[in-house]
Every structure is written in C-alpha cells, then in structure tokens.
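Just so you know, the protein sequences line up as chains S and Z, in that order. Per my numbering, the first sequence starts with residue 1, numbered consecutively. Per my numbering, the second sequence starts with residue 280, numbered consecutively.
No lab work stands behind these hints: they were computed from the structure. Hints may be right or wrong, so weigh each one.
Not everything, but these chain Z residues come out facing chain S in the computed CB check (under 10 Å) [what the hints assert, rightly or not]:
#	residue
1	Lys329
2	Thr416
3	Ile427
4	Tyr432
Simulated crosslink set (BS3-like; lysine-lysine; CA at most 27 Å straight-line) [unchecked claim]:
#	chain 1	residue 1	chain 2	residue 2
5	S	Lys246	S	Lys219
6	S	Lys220	S	Lys62
7	Z	Lys329	S	Lys76
8	Z	Lys333	S	Lys76
9	S	Lys220	S	Lys68
10	S	Lys219	S	Lys62
From the three backbone atoms N, C-alpha and C, an ideal C-beta is built for every residue, glycine too.
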Amino acid sequence: MRYSWTIELQDLRLGYGDTVILENITATLPAGCISVILGASGGGKSTLLRHIIGLARPFSGKILLGGKDLFSLPGKEFRLLRRRMGVLFQDGALLGALTVGENVGLPLTEHTDLPPSLVREVVLHKLALVGLADFADHYPSELSGGMRKRAGLARALVTDPPILLCDEPTSGLDPVSAAQMDDLLLDMKCRFPGMTIVSVSHDMASVRNIADHVLVLHKKNIVYAGGLSGLEESADPYLRRFLDRKAPRYSFGDDPRLTLSEETQKIMHQALDSRLERG
Amino acid sequence: MHERVSGSNPPFFSPVIAVGEKSIACLSETGAMAIFMLHGLRCMFSPSSKQWSKLIRQIYVIGAGSFFLIALISLFSGMVLGLQGYYTLSKFGSTGFLGSAVALTLIRELAPVLTAIMVTGRAGSAMAAEIGVMRITDQIDALEVMDISPMSYLVSPRIMASLIVFPLLTAIFTVVGILGGYVTGVMLLGINQGVYFSRIESSVVLSDIVGCFSKSLVFGLIVVTVCCHKGYFAHMRADGMGAEAVGNATTSAVVLSCILLLTADYVLTSVLL
Numbered sequence: 001m002r003y004s005w006t007i008e009l010q011d012l013r014l015g016y017g018d019t020v021i022l023e024n025i026t027a028t029l030p031a032g033c034i035s036v037i038l039g040a041s042g043g044g045k046s047t048l049l050r051h052i053i054g055l056a057r058p059f060s061g062k063i064l065l066g067g068k069d070l071f072s073l074p075g076k077e078f079r080l081l082r083r084r085m086g087v088l089f090q091d092g093a094l095l096g097a098l099t100v101g102e103n104v105g106l107p108l109t110e111h112t113d114l115p116p117s118l119v120r121e122v123v124l125h126k127l128a129l130v131g132l133a134d135f136a137d138h139y140p141s142e143l144s145g146g147m148r149k150r151a152g153l154a155r156a157l158v159t160d161p162p163i164l165l166c167d168e169p170t171s172g173l174d175p176v177s178a179a180q181m182d183d184l185l186l187d188m189k190c191r192f193p194g195m196t197i198v199s200v201s202h203d204m205a206s207v208r209n210i211a212d213h214v215l216v217l218h219k220k221n222i223v224y225a226g227g228l229s230g231l232e233e234s235a236d237p238y239l240r241r242f243l244d245r246k247a248p249r250y251s252f253g254d255d256p257r258l259t260l261s262e263e264t265q266k267i268m269h270q271a272l273d274s275r276l277e278r279g
Numbered sequence: 280m281h282e283r284v285s286g287s288n289p290p291f292f293s294p295v296i297a298v299g300e301k302s303i304a305c306l307s308e309t310g311a312m313a314i315f316m317l318h319g320l321r322c323m324f325s326p327s328s329k330q331w332s333k334l335i336r337q338i339y340v341i342g343a344g345s346f347f348l349i350a351l352i353s354l355f356s357g358m359v360l361g362l363q364g365y366y367t368l369s370k371f372g373s374t375g376f377l378g379s380a381v382a383l384t385l386i387r388e389l390a391p392v393l394t395a396i397m398v399t400g401r402a403g404s405a406m407a408a409e410i411g412v413m414r415i416t417d418q419i420d421a422l423e424v425m426d427i428s429p430m431s432y433l434v435s436p437r438i439m440a441s442l443i444v445f446p447l448l449t450a451i452f453t454v455v456g457i458l459g460g461y462v463t464g465v466m467l468l469g470i471n472q473g474v475y476f477s478r479i480e481s482s483v484v485l486s487d488i489v490g491c492f493s494k495s496l497v498f499g500l501i502v503v504t505v506c507c508h509k510g511y512f513a514h515m516r517a518d519g520m521g522a523e524a525v526g527n528a529t530t531s532a533v534v535l536s537c538i539l540l541l542t543a544d545y546v547l548t549s550v551l552l
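With the rest of the complex left out, here is chain Z:
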C-alpha cells in the first residue's frame, strides 16, 4: 500500500495529489486482481479430482441459469438489429445485406459484450455477494482452518466454468440473435430468406468467429476475477462493514466488471481488426 502524501503541500496541489493517490490505488488494485486471477488459474490444475463436481455445479449456476436470459435478450437484440438495419439499408437500396449486417454486428461486437454484461448482472453479482457473505460469516476462515484452499474451492471452479460457459453462451446469443434478425427481416419485412442466409454465409469468415470466442474468453476471465475478488476481500473494504460491505462489494463488482469489459472490448477490437 502506498503512503499518503503529507499535508504540507500548497493547496493547489491537492487535486493533483488526489488524482495521483487514486491512480496508484487503482493500479495497486489491478495488480492485486491480476495476482488473484493467476492464483485462481494455477489452482485449476490442482490434481484433485474433486474439482469436477464443483466445476459442474458452477457450469450449471453460471451457464444453465443464464440460458433463458441470454436467449431472450439475444432474440430481441437480433429483432431490433433487423429492424434498424432494414430501415438504414433500405435508404441505400441494399436491404439484401441485412443478414450480413445482423450477423457481423452480433459476432464481432454485440454477442460477446452483451453476454458478458448479462452474466455479470445475473451470475457475477451473485458470485460477489455469495463469496462476500462467506467471508463475513467466517466460512472462508473455516475452509482455511480445514486446510481447504478457498481459492481452489471457491474461485478456481468459477474461473474454469466461465472459460467453458462464456463462449457457449456467446454462441447461443449469436444464433438466437441471427434468428431474431430473421424474424423481423424475413418474416415481418419480407426479405428473401435465401438472400438473408446466403449473405451471412458469404460475409462471415473464420477470423470473425475466432475473434468472437477470444473476446468471450477474456470477458469471462474479467467478470469472474473481478466478482470473486470483490467478494473475497469484502471484509477489507473501507466503505462499510458486514452486510453493507457485501452490498458495496457487489455493486462495485458489477460496475468495475462493466467498465473493464468495455475497455477490454475496445483493446481487443483494435487488435483483432
């Protein structure tokens, strides 16, 4: 931890000092989260076969539990894309490209980002709250005392599950979204269904799919790391204690996850394009 700069500086330095302190605290927390994530990843490879049952439970909680939400959101996202895309493309007389527009928008951007944000809101917040409550009610201490690594028991299965579930949910989002675009474009607005699908086939290339799944893997790591980290250290928060600390940890887990997701999305998009 950094030391606070003494108060002997002239007042006009205060904003600079405040920004500096915030920046150092931010960097320090980012570093702590990176170490936390690496520790969690390392524990994934522990020889215990008992990790399987925890992994399957987390796949169920994060994946199966989010399935209907993802399907619903993706259906309406695809339908809106179809509608907006149709009216925009019709201005240029190129409504035949609706399939390409919907598919590429979903695969390259919307599917990984919206899936990650939805999972953050549904499963990530629950993760932060659950681990936070375990922390303040001594359950994590109890695990340590029983010589059961809380990282192996609580964090690793969640990281592992996110690496499996995020790409799957992203794929589901993409497929259902394309079907949503089909509903508005083909069924409601009368575009030829052969044109819709052939444009998708001709415009989507392997690198789009690889980029989509790469993003979903990175987003999965970000969401689970941030949410688990915030819950795990809920007892060390300066802005509250007990239930309040868990609430604040959950809020900051969701907010920080969303900020990091969009930042990472920009970085990844600029690398992948």
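Just chain S, same shape as in the assembly:
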C-alpha cells in the first residue's frame, strides 16, 4: 500500500438546500482500520459519506484526507485527491453499457495509456479478489445484486486506493451474501494494510463482524465514536435499542382511525371476493 491516510472530520455542518442534516460533526476515522458509520435510516449516514467523497460541499467545517483539506484544494488537486478514493455505491453503480471487466478497468483506461493486455490482467486480478474472475465479460444486468456489489468493490479497488468507502455494502443481500461481503472487506483490510476503510451501515450483524471503529449518528450529531467493545457496553438508551434491535413502543392514543368498522370491512372483502370470482 502506497499511503496510509486518516480521515478527519472537523466541526462539520452539512445538509442539502436549507436543510441541516448533521452538525457539530468532529471525528477521526483511523488509517488501517475498518470504520463503520452507523445510524438509523434517514439519519445522515449516506449524506456524510457523499461529503467525504466530495460529491457535496458542507455548509461549514473541514474534511481532511491524509491531512489535506478536501474542499480548500484547487480544482486539479481536488480531482487528484478524489482519484485516490475507491467508492462502492449501494447497488454497485456499474455502467450498464459496459461489461463487468470494462467497468472495473474504467479508471485505468480513462486515466492511463496502459496497454489493454495489462489493464485486462489487473482487472482479472481484482475480479479474482472478489470471486468474479469468470464474469469479466458479462454485463451487469446478468449478475445478481450481491455479484454487482462485489464487482463494484473490484472497481473501487482497481487503482489500489488508500481510502475505500462503502455505502451500505450489505443492504439488500441475503445473510450468506452479506457475510460474504463482510469477509471480503476483512480480506481487503489484510491484503491492503494501511488502507482506510469506511463503511456506512445499519446492519448490526455486519458491524459486529467487521468494525474496528464505530461512529454512531443520531439527531444530527455523533452520539458515539470509538471501538466496538465500548459500543457494546454502552448504557445509552438509544444505543441499547440499536444494539438490541428494539423499537420504542409507539403510542397511538385513542385515534378512532385505528379501528375499522365491521360493516366497512365486510363491504371491502365482498367487493374483493366478487372481483376475484369474476376473474
């Protein structure tokens, strides 16, 4: 590995338009570790990731990658810095018009003049790392969701980036595929020592498998930053609910809409049955 970069978030305030989604975000995501950004759906995890990637600009604060402030860099340096990030999007984000091999090799073919045979060799190596070496000539539409994610991971790794960012790598996968993805990330951590791996997730099983460092987001803030063991031992009610997968009990009061009259139900079912009988 050529680099060993930490990601530092300094007093970030971010969101879209006039909406503030996260504020007072200060944290360090250490190099050579797998850091997991954890939080509820809609809690700002993916938004934070988009800002770290440089796809959106924070309202205030700094994002330091390897000590360089991402958003104060001039255009060319900003682009060069971004080339050093590998990103796995939620569904892989493979280009549908290209084969899996062409997708994985895209950063190399676009940014270098390497001969096609060498690009192909690198592509097959990266695809082999994720168990897809035999699928280089398939199109993304011919792959399953899990395979597309793994192909996306291969593309993210093709330039040997010092930073790998993964947006919900296990979402939408069956338990076996999700565990396979976890194993892949752990394997990458061993193969590329020094690589900073950041994963966004709300899958606690996956977090327990892979996380060295956890950042928990809740109500626009960080409510926990530290090791997995500290998180497991936390007595914070929100964290406990998250860890034990328990939802707060909702109270609907005495809303009359909670009950549907027998007459209405009868009419509805009769209508549905008669429609079925008529075909």
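Since chain S is already given, all that's left is putting chain Z on it; use the hints.
Chain Z in isolation, oriented as in the chain S frame:
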C-alpha cells in the same frame, strides 16, 4: 433560482405573477441548457484520444440506428409530396414543376425538420432515459468519483455525433424523399423522368443546400442538448422521483425538443430566406 413572490398581493395579480414566475423559470432553464451545451462543446476538445470510441458508438446509436426509420419516413413523405404536388400543379397545368416542388420542399423544410423530429423520438428519448437512469442509480456519481467527467464521457460524444449524423441523415432523407416523389410523379402518374430531374437541377441552388445543412446542425445541437440536459438533471425534478422522474424527464425532453425545433426552424427560415 428566483424567489417566489409573497402572497400579500391582491388576487387579481395572481395570473400575472404566475405568468411571470413561469417566464423566469423558463428563461432560467434556457440559460442552464445553454451553459450545459457550451460545457459539452468545450469538453469535445479535451485531448483524450479515448473520445473516438465513444464518438463512434454514438454515431452508430444515433445514426445507423435511425437509418431505416429515416429512409422509410422520407420515402413516404416524398411519395405524399409527389401526389399532393401533382394534383395541385395539375390545376395550373404545370405538373412539370413537380420535381422542383418536391426537392425544394424537402431541402428547405421537411428534410431537416422531420429528420430532427424522428431522431428526437428514437434516439433523443433513449438518450434522456439512459442518462436519467444513470443519474438515479448513482452511475453518474460513480463517474465523478473516478474523476471521469460525466460531461466528457456522456454528453460530449453525443453532441459530437449529432453534429456528424444530423446532416448525413438529413441528406439521406432528402435523396430518398426525392426518389419517393419520383415513384409517384414519374412511375405512377406518368411525368417525364427527364423533366422531373432537370427541374430539380435548375431550381435547387447552393444556398438551399447550405440552409438545409445549417438547420440540421442547429437542430442536432438542440435535440442532444435538451435530451441530455433533461436526463442529466432527472434527479432534481419536482414532479417525481426515481423511475417516475426519468419518465417525466424523457417526456419533457421530447416535447421541449419538438417545440424548440419548430421555433428554431421559423427563426432560421426567416434569416435564410
């Protein structure tokens, strides 16, 4: 973006305010599209030799893919022109001018306009939908993250291809249309074939051809810019999200392209005549 005028105005101002807001939004979008087009044109001159493969693919998609449609439409347009022209001219005893009528109508108006409308329907809608889907499935973000300019990768090759393909398709439309006029005028209605072609030769001048190709170049730019722009910003539409946004973006790309084509046609015709 403009700010909405506050609701403290008397009710009879509402239609005026609504028209004003629509006009400003329209102007704003036109400006955004112009900037988008200039950005796309600028990216055409990026030094990367890798643009060639994308250009050739787009020439194939827009041009070769539209060839048979254009040939078919132009054949029947020419045949209808021949038929209508023959019966109109016969009232004045001047059916010998059928060749001129068919050729000039096609070269000056029908070929560039109908070609552009056909390509909008076939390739333009596909462009808007493809780029829209790429946008909502993070593919465009993925390109940006890989430091591959989406404008250079997606838009520029399409603009460049349209500048090559539109004049070629327009030329094909014209030639096949003239042959269509020949089929009805000469083969079915019995006009002398020498008269048909000699009238074309004597009536069509270089400025007609230049005007025809100028129109096709402008129309090509309009169609590709509008369709790519609508797809590229599908995620920012207020009238839907996800698949619905892509559908709406595609519809509005086709509708707006057709409106702008006919508007530009009027402006260009008044300048060229």
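Within a Cα-Cα threshold of 27 Å, do Z:Lys329 and S:Lys76 meet the stated pairing? holds, 20 Å
For S:Lys246 and S:Lys219, compute the direct alpha-carbon distance and say whether it is at most 27 Å. holds, 18 Å
Does S:Lys62 sit within 27 Å of S:Lys220, going by the straight-line distance between their CA atoms? With Cα atoms ~17 Å apart, S:Lys220 and S:Lys62 stay inside 27 Å; holds.
Is the shortest C-beta separation between Z:Ile427 and chain S less than 10 Å? holds, 5 Å
Under 10 Å, Cβ to Cβ, is where Z:Lys329 needs to be relative to chain S, so tell me if that hint holds or is violated. holds, 6 Å
Decide if the proposed pair is consistent with the structure: S:Lys220 and S:Lys68, CA atoms, cutoff 27 Å inclusive. Distance of about 25 Å is within 27 Å: holds.
Take a quick look at whether S:Lys219 and S:Lys62 sit within 27 Å of each other, Cα to Cα. Since the Cα atoms of S:Lys219 and S:Lys62 sit roughly 20 Å apart, the hinted pair holds (cutoff 27 Å).
Tell me if Z:Tyr432 is really an interface residue toward chain S, meaning its C-beta lies closer than 10 Å to one of theirs. Where the cut-off is 10 Å and the nearest Cβ of chain S is about 8 Å from Z:Tyr432, the hint holds.
Tell me if the straight-line CA distance from Z:Lys333 to S:Lys76 falls inside 27 Å. holds, 24 Å
At a threshold of 10 Å, is the proposed contact between Z:Thr416 and chain S supported by beta-carbon distances? With a minimum Cβ separation of about 6 Å from chain S (threshold 10 Å), the hint on Z:Thr416 holds.
When the structure is compared with the earlier hints, no violation turns up for any of them.
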